[in-house]
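Trainee: Chain by chain, the residues:
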Amino acid sequence: MALHVFDLVGIFVFGITGALVGVRKNLDVFGILVLSLVTGLGGGFLRDVLIGATPPAALQDWRYLVVPVVAGLVTFFLHPRIGRVERLVNIFDAAGLALFCVIGARKALEVGLSPLSAAMLGTISGIGGGVIRDVLSGRVPVVLRSEIYATPAFLGAGIVVLASAFDYDALWVPFAAAVVCFLIRLVAIRRGWNAPLPRTT
Amino acid sequence: MALHVFDLVGIFVFGITGALVGVRKNLDVFGILVLSLVTGLGGGFLRDVLIGATPPAALQDWRYLVVPVVAGLVTFFLHPRIGRVERLVNIFDAAGLALFCVIGARKALEVGLSPLSAAMLGTISGIGGGVIRDVLSGRVPVVLRSEIYATPAFLGAGIVVLASAFDYDALWVPFAAAVVCFLIRLVAIRRGWNAPLPRTT
Amino acid sequence: MALHVFDLVGIFVFGITGALVGVRKNLDVFGILVLSLVTGLGGGFLRDVLIGATPPAALQDWRYLVVPVVAGLVTFFLHPRIGRVERLVNIFDAAGLALFCVIGARKALEVGLSPLSAAMLGTISGIGGGVIRDVLSGRVPVVLRSEIYATPAFLGAGIVVLASAFDYDALWVPFAAAVVCFLIRLVAIRRGWNAPLPRTT
Chain B
1 MALHVFDLVG IFVFGITGAL VGVRKNLDVF GILVLSLVTG LGGGFLRDVL IGATPPAALQ
61 DWRYLVVPVV AGLVTFFLHP RIGRVERLVN IFDAAGLALF CVIGARKALE VGLSPLSAAM
121 LGTISGIGGG VIRDVLSGRV PVVLRSEIYA TPAFLGAGIV VLASAFDYDA LWVPFAAAVV
181 CFLIRLVAIR RGWNAPLPRT T
Chain U
1 MALHVFDLVG IFVFGITGAL VGVRKNLDVF GILVLSLVTG LGGGFLRDVL IGATPPAALQ
61 DWRYLVVPVV AGLVTFFLHP RIGRVERLVN IFDAAGLALF CVIGARKALE VGLSPLSAAM
121 LGTISGIGGG VIRDVLSGRV PVVLRSEIYA TPAFLGAGIV VLASAFDYDA LWVPFAAAVV
181 CFLIRLVAIR RGWNAPLPRT T
Chain Z
1 MALHVFDLVG IFVFGITGAL VGVRKNLDVF GILVLSLVTG LGGGFLRDVL IGATPPAALQ
61 DWRYLVVPVV AGLVTFFLHP RIGRVERLVN IFDAAGLALF CVIGARKALE VGLSPLSAAM
121 LGTISGIGGG VIRDVLSGRV PVVLRSEIYA TPAFLGAGIV VLASAFDYDA LWVPFAAAVV
181 CFLIRLVAIR RGWNAPLPRT T
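Protein chains in written order, with full-length UniProt numbering: chain B, 1 to 201; chain U, 1 to 201; chain Z, 1 to 201.
Accuracy of the hints is not assured; some may be wrong.
Only pairs whose alpha carbons sit at most 25 Å apart, straight line, appear in this in silico PhoX-like list of lysine-lysine [to be verified]:
1) B:K25 x Z:K25
2) B:K25 x U:K25
3) Z:K25 x U:K25
Computed Cβ-Cβ distance ranges for the label pairs, DEER-style [what the hints assert, rightly or not]:
4) B:L78 x U:V9: 42 to 48 Å
5) Z:V70 x U:V66: 37 to 43 Å
6) B:W172 x U:W62: 53 to 59 Å
7) B:L171 x U:V66: 52 to 58 Å
Simulated from the structure, these hints should not be mistaken for lab results.
Even glycine gets a Cβ: it sits at the ideal position worked out from N, Cα and C.
Given these sequences and hints, build the entire structure.
Mentor: Dropping the structure here:
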């Protein structure tokens with residue numbers, strides 16, 4: 001139940017990031033809605049296809065289609081004036097990352113993947129939507145260029161996986177995992193945390 | 001039966017668009033054939049993977065491989081001189097969009113998706129090949145930048161879905177749906193129909 | 001058994017190419033690891049999803065995750081100074097192409113695809129990882145721009161398919177097929193073999 005809400009909220013916030021990027025690229029409202037839909041649903045499609053859970057949840061329940069459309073329309077009408085767009089993208093993106101890595105890990109455990117693979121699938125779910133958004137709109141994917149990004153997703157998914165390995169199934173675990181991922185990512189953006197660069201001569 | 005022909009014709013015209021983009025990018029004949037294949041088959045692969053119909057039809061029937069290769073070769077030898085390429089891409093692309101949105105919606109209904117989801121899958125099938133073509137060749141995807149594009153596909157798929165909801169299964173329905181999508185898209189290109197842009201200050 | 005080793009070696013060399021491209025793009029170590037993972041595992045994911053073998057092998061066996069991470073770390077610490085990166089990418093990429101086209105063809109035959117389709121799936125497996133690497137890092141995909149690339153993969157896959165069609169199942173067949181693909185690709189790079197270009201006026 002909680003997971004279902006997580007999924008829809010994650011789709012909503014990712015949808016907002018897609019729409020914001022569309023606003024920034026000066027797309028018209030339909031282009032913005034397309035970007036909102038693929039960003040919101042892309043990570044989940046990737047996740048469901050990889051575990052063979054087809055058709056993806058988003059194609060079996062109309063709410064999954066309405067949520068990113070609403071996110072796109074809200075953004076279209078209420079988007080900020082020029083200047084703060086990129087920062088908003090990062091914040092909403094961090095929220096989506098946090099929610100999707102948790103759901104992805106849970107779904108992977110449900111279909112019987114090993115702990116390491118479940119953490120990996122959680123990470124893929126988390127970063128998938130943003131990668132698709134950035135590739136379609138011609139940006140370098142945030143997962144490659146930004147401050148640490150896949151790492152917090154892997155940590156969030158890892159917490160879920162560890163708790164499950166110890167048969168500890170309290171309701172607060174997914175919440176805590178998402179919060180940990182979200183906060184680490186936000187601090188990383190704020191402080192400009194980067195991992196070491198390759199040496200050059 | 002009619003659908004099968006739709007599928008092959010759709011692959012052919014999408015294959016032509018891929019090859020034309022390859023010609024424009026000055027790729028050699030093998031690069032052109034690759035682009036012809038991924039553009040022709042991409043949307044159907046995406047559709048079949050999303051509904052779990054794997055391996056995709058295109059990998060089970062040799063005609064699905066021959067058709068885009070022929071499209072690529074024909075284009076390679078007969079492509080127009082510089083200048084009219086982009087316009088031809090748009091026209092063939094509109095035909096592919098129209099055919100694929102109809103087939104996608106039908107296939108989605110056959111596997112039991114709900115009407116809204118079937119219309120959505122039809123739209124995804126229609127726009128998929130063009131998105132893959134544009135991403136691979138470094139163009140902004142036509143679905144984002146162009147005059148209304150996903151909307152006619154959604155309408156075409158919607159007509160198929162509505163007819164099926166009313167148990168009306170006449171042979172002319174898919175034809176009419178494809179024609180509606182094709183004409184709206186052509187008029188949109190001609191007239192430069194765009195949806196509203198986000199306001200900026 | 002041999003195929004399993006092929007798969008892991010292919011993932012390793014593709015992982016190296018991803019990491020080298022990351023080094024060249026001056027990504028930090030985590031960005032490099034992400035690129036190493038998607039390049040190493042991308043082609044196999046695509047292959048497994050297309051034949052419906054989900055979850056992909058790489059998500060069911062921890063070694064598949066460790067191998068590209070090791071490839072990425074080794075490259076991060078031992079990458080060459082500026083200048084020879086692109087050449088190294090090409091050589092390792094040719095090795096990955098050769099290994100993956102063979103494995104892809106074998107897996108396709110195992111799930112009962114026809115010879116032509118199996119050769120096609122082998123080709124897709126071979127070129128998939130490189131396409132994903134190049135699209136994510138904003139390069140024109142090597143399969144489009146480079147000297148003949150898909151053709152050697154199709155030949156390598158074709159040898160496997162032909163041998164199987166004649167029920168000839170000797171252990172050296174996959175090795176020979178991979179070597180043929182690898183050598184043709186290397187000679188093509190060396191000699192700058194290109195297919196004919198479209199005529200322009």
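Trainee: With reference to the structure, classify each hint as holding or not holding.
Mentor: Cross-check of the supplied hints:
no. : hint                       : result
1   : B:K25 x Z:K25              : holds, 24 Å
2   : B:K25 x U:K25              : holds, 24 Å
3   : Z:K25 x U:K25              : holds, 24 Å
4   : B:L78 x U:V9: 42 to 48 Å   : holds, 43 Å
5   : Z:V70 x U:V66: 37 to 43 Å  : holds, 42 Å
6   : B:W172 x U:W62: 53 to 59 Å : holds, 55 Å
7   : B:L171 x U:V66: 52 to 58 Å : holds, 56 Å
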